[in-house]
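Assembling the complex is the task here: the two chains are given apart, and the hints tell you how they should meet.
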Amino acid sequence: MSNDVVEIVEINNPEVHEIPVLKNLEGLSSGVDLDTVYRLTEFAHKVKEGLWLTKLEWDVYFSIDVEASIKDLSLALVLPASSIAPAVQRLMAINVLVPREAISYTEYRATKSQPVHQSVVDLVTQEEFIVNIPMESEFDSSDISSAREKKTIADLTPNKGVPEFPPSGIINNLRCLVELVCRYKGDDRRGKLAVYRIFLRVPREDFVSLGFGSFLFLNNKEKDTPVSGELLSRLMEATEMELGKHPNAIYNELKSIGRLPESCLTH
Amino acid sequence: MSEAQASLSDEELDVFVEAALEFFRISCREEVSVEEPSIAIVDLPILDYTGLIEVAGVERGFAYLTASQSAMQRMMLAMTGESSNEDLYSDLIGEVVSIIVSNTRRHFGARLKVSVPKVYKKGQHLPEAETMGFILPLTFQRQELILVLALYPAN
Chain G
1 MSNDVVEIVE INNPEVHEIP VLKNLEGLSS GVDLDTVYRL TEFAHKVKEG LWLTKLEWDV
61 YFSIDVEASI KDLSLALVLP ASSIAPAVQR LMAINVLVPR EAISYTEYRA TKSQPVHQSV
121 VDLVTQEEFI VNIPMESEFD SSDISSAREK KTIADLTPNK GVPEFPPSGI INNLRCLVEL
181 VCRYKGDDRR GKLAVYRIFL RVPREDFVSL GFGSFLFLNN KEKDTPVSGE LLSRLMEATE
241 MELGKHPNAI YNELKSIGRL PESCLTH
Chain Z
268 MSEAQASLSD EELDVFVEAA LEFFRISCRE EVSVEEPSIA IVDLPILDYT GLIEVAGVER
328 GFAYLTASQS AMQRMMLAMT GESSNEDLYS DLIGEVVSII VSNTRRHFGA RLKVSVPKVY
388 KKGQHLPEAE TMGFILPLTF QRQELILVLA LYPAN
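Heads up: the protein sequence lines correspond to chains G and Z, in order. Position 214 (the first sequence) corresponds to 214 in this note's numbering; numbering is contiguous. Take any residue in the second sequence, note its place counting from 1, add 267, and you have its number in this note's numbering.
Chain Z extracted, bound-state conformation (with noise of 0.2 Å):
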């Protein structure tokens, strides 16, 4: 098989969760905590705020950051130095995917197939995963947030 055409390694599933963090050092100019990670067999977790993309390409799935309120409102809070519009959140969520996707596109270039951010609000329903999730929480200035991979070699 190609290099082109092998599914993610280890290593390179990392390159999300790196991307995740580099976000929150640059743009809200401070570190995540990140915390013990687990595999849900079944149940994906899911906050208040979800941004997802889906994934196609040597891999297939989603992956997803999904944040509390309080998250989003300390999140805001670091970004713009005001955090009282909640109509924002949405919006919010869905600018921290969008650099993250950016960030993964750089990387992997044409071996993945990544979609615009999908927004969801608690309530919503999230696309069945067809697979286990890497689950990592992920902690910034003590409110939670949670950062999930949902994907599987294509082949």
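Bound-form chain G, shown alone (with noise of 0.2 Å):
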């Protein structure tokens, strides 16, 4: 359906006629499609308790049984589009929301997983190599392929290829980082200050548009809420700058001599 669509929705007040539900496009910006479809990730599902929204927003959460547009969710609410989609798109930028054609990490994973019945020839052509062949005639022929260690790319060039910060499972990414930082910089008041200084190099506006007000060092699990992708992304950039080493870095770094910081570690 094209997006010139009006489509008008009544409803049994006496005050209120008629709600155009889609005719009300002003205040739209130019790159809002009212047929792009969107999914809850699957972070909004482990996030939902520590979630600070709006009541639209939480509406808007709570409409997508598993998949809308901004034209469902704006006739399922009885709201006009131009008021739906200021919401799905702070939903967005806090992770909560993605277009149906964006997959997780782990999803991307799951398409990469290889069936128990393929080929050598296979395994070749989705780049994966085999290492440390013993030599044959030490064992029988049904023990080589057990004695085969299988290594992708990623493993044999492990700064490149998937980021390992943050760490896949890891709900407070924000928490993680910041702890990663003052571990790495001597877990002292220097290492706060450090903190402050890189998030100095990021627009206070994106925190306040995420609805931070402040950050707490003290661990404090109840009032700690995860930030998008893109923040954690300018945190990170940040990090670099201010520091001279990306988090990938000082992750491997600090993982290498086991002092992770205990909201780094998964479970």
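Calculated from the structure, these hints are not laboratory results. Remember, it's a predicted structure, so these values are computed and weren't measured experimentally. For each residue, glycine too, the CB sits at the ideal point set by N, CA and C. Be a bit skeptical, because a hint or two may be false.
[Unchecked claim] Per label pair, the in silico range of CB-to-CB distance: (1) Glu302(Z) to Asn248(G): 28 to 38 Å; (2) Pro99(G) to Glu321(Z): 40 to 50 Å; (3) Leu355(Z) to Asn248(G): 31 to 41 Å; (4) Pro394(Z) to Gly211(G): 23 to 33 Å; (5) Ser233(G) to Ser337(Z): 44 to 54 Å.
[What the hints assert, rightly or not] Take a look, some chain G residues computed to stay more than 10 Å from chain Z by CB distance: (6) Ile103; (7) Gly191; (8) Lys192.
Here it is as structure tokens:
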């Protein structure tokens, strides 16, 4: 359905005879498409209890059963699309909603999993190497496959491919980054001042738009809120500028000496 | 960039904190407890009496020490042996900040220009912060003070 379709929804309110649900497109930014279908992320399900949203954003959240477009939401909530769109955009900014086509890293990995019956040719074409192949004379053929250690390209080039930070499964990504920096700088007040300098490199409005008024270094899980992927990326860039080292490198360094903070450990 | 133009490192920012702690050690002959800091993204905290310095040079912004009425009373008692004259609390917070300023001037020299202290009482408005603040709560004889840094690199 194209964007210029106009539908009028009537409700039984004597003072409001008609609500132009899709007619009122004023105020929509040019990038908004009424037909784009959105879905809730895995992240949204995990952190629902810790989210702080406006009533309209919660209405949108709960109206997306599996997936929905702005047009669907507009009809379901009996509100103009121009009201729905900002809520959808904010939910996207904090990583609660994504376009249907977007997939998480876990889902991406699932698309790469190997079927059991895969041939050797398939393995090679899918960029998987076989290393440490034992001498066949030392084993009978049935032992060879089990003795082979399979490595992917990402395994062989640890700093390329999928970034290690934040580690998969970490919900509170901001806490993880902050404590990583503090641990790297020595876990004292100077580490916290370094975090302050990193925050200063990101526009204050980026925090404010996500509802952040302050950040407590004291680990208070009830008050912690995960940040959007976009803000996290900016903070990671800022970390690299401030410390001269990317969080991936810091993560790997601390991991190698067994000094990762608790918030960066996956259980 | 030459060292003279470089903004302050996190270690150098700590000079402001150390200067404040030094004041209590020397002038009040007592340590203050340093509580867990936070970063204020929007609203900076303010208590009953505030001594503020504005900073220019390689950094811009301001730093201040703000104290509750009861903290001022305890500080006054520790420094002068009497605490009843509330009119002197404003002078005292200004004096505290002056000492912090002289310590920081000694450390940073020409890299930082620091204003004379300005004193604010509760209800008066501080200059609007152009940046986030590093909030360091302090406790002196179980009374509340807060050191606030709202500084950002000039370049």
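Status of each hint after checking the structure:
1. For the pair Glu302(Z) and Asn248(G), the supplied restraint of 28 to 38 Å holds, since their beta-carbon distance comes to about 32 Å.
2. Hint check: Pro99(G) to Glu321(Z), Cβ distance near 47 Å, so the stated range 40 to 50 Å holds.
3. Taking the beta carbon of each, Leu355(Z) and Asn248(G) are about 55 Å apart, not inside 31 to 41 Å as hinted.
4. A C-beta distance of roughly 26 Å is found between Pro394(Z) and Gly211(G), which places it inside the suggested range of 23 to 33 Å.
5. Between Ser233(G) and Ser337(Z) the beta carbon distance is about 45 Å. The supplied range of 44 to 54 Å therefore holds.
6. With a minimum CB-CB distance of about 32 Å to chain Z, Ile103(G) clears the 10 Å threshold, and the non-interface call stands.
7. Separation of Gly191(G) from chain Z is inadequate, the least Cβ-Cβ distance of about 8 Å not exceeding the 10 Å criterion.
8. With a cut of 10 Å on Cβ distances, Lys192(G) falls inside the contact zone with chain Z, its closest approach being about 5 Å.
When held up to the earlier numbered hints, the structure conflicts with 3, 7, 8 and fits the remainder.
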